[in-house]
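Participant: Sequence:
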Amino acid sequence: MTDTRIDLLRHGETEGGACYRGAGDDALSARGWEQMRAVVGESGPWSRIVSSPLQRCAAFARETEQIHRLPLDIEPRLRELHFGDWEGKTSAEIHAAWPDRLERFWSDPVNHPPPGGENFSAFQARVLGAWDDLLARHAGAHLLIVTHGGPIRVILGRARGLPWAEALCQPVPPASLHALVVSAATGRDITRTVAEARG
4 MTDTRIDLLR HGETEGGACY RGAGDDALSA RGWEQMRAVV GESGPWSRIV
54 SSPLQRCAAF ARETEQIHRL PLDIEPRLRE LHFGDWEGKT SAEIHAAWPD
104 RLERFWSDPV NHPPPGGENF SAFQARVLGA WDDLLARHAG AHLLIVTHGG
154 PIRVILGRAR GLPWAEALCQ PVPPASLHAL VVSAATGRDI TRTVAEARG
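Numbering-wise (the numbering used here), the sequence shown opens with residue 4 and increments by one.
Because the hints were derived from the structure by calculation, they are not lab data. Everything numeric in this text was worked out from a predicted model, so none of it was measured. Hints should not be assumed to be uniformly reliable.
Unchecked claim - Just the calculated beta-carbon pair ranges, DEER-fashion:
1. P176 <-> G87: 23 to 29 Å
2. D103 <-> T5: 44 to 50 Å
3. Q69 <-> P102: 27 to 33 Å
4. R163 <-> A128: 14 to 20 Å
Built from N, CA and C at the ideal position, the CB exists for glycine as well.
All chains should be modelled from the sequences, with the hints used to inform the complete structure.
Facilitator: This is the structure we're talking about:
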């Protein structure tokens, strides 16, 4: 039986600058498009593309679908964590309005969710539910998954066996590509980072 290969691609830079975007649906900036095209380069060939429905992921996925003539699935469970009252705010704005709350979230997301935001356990469950379904449905395939920093950290955290607070601190910069190989023999995830946008 063939190993399953999955390339996890985080979207590039978006319009509106750096902020807790979460469920917000901002478009890619011109630089974001360039970053994603550059980091994908000659990767593949894939058998299928799977994307978050948010346009900063889905627009690039649709372009790639047309170029490579591949099937594309939009998977709502791969959207980013909803940051509630923090949506659209910068780290500085959050620190000013909620002193120490951001640090508590990053150190213990299960017990300190964003105010009005998505429960981290529910977020983790939906992302890993999508991941498990994709592995079962597409065993032996080579998938390109276009998604966000949060879902990628959750998936890589499970693959690496990390505690959730540590998993959330993994570097997943915009337009970074992360390769996972799921062994058909052992069912074990083997993780490596293959490329990263620069400049």
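Participant: Give a verdict on every hint.
Facilitator: Here's how the hints hold up against the structure:
no.: 1; hint: P176 <-> G87: 23 to 29 Å; verdict: 24 Å, holds
no.: 2; hint: D103 <-> T5: 44 to 50 Å; verdict: 49 Å, holds
no.: 3; hint: Q69 <-> P102: 27 to 33 Å; verdict: 47 Å, violated
no.: 4; hint: R163 <-> A128: 14 to 20 Å; verdict: 19 Å, holds
In this structure, the one hint that does not hold is number 3.
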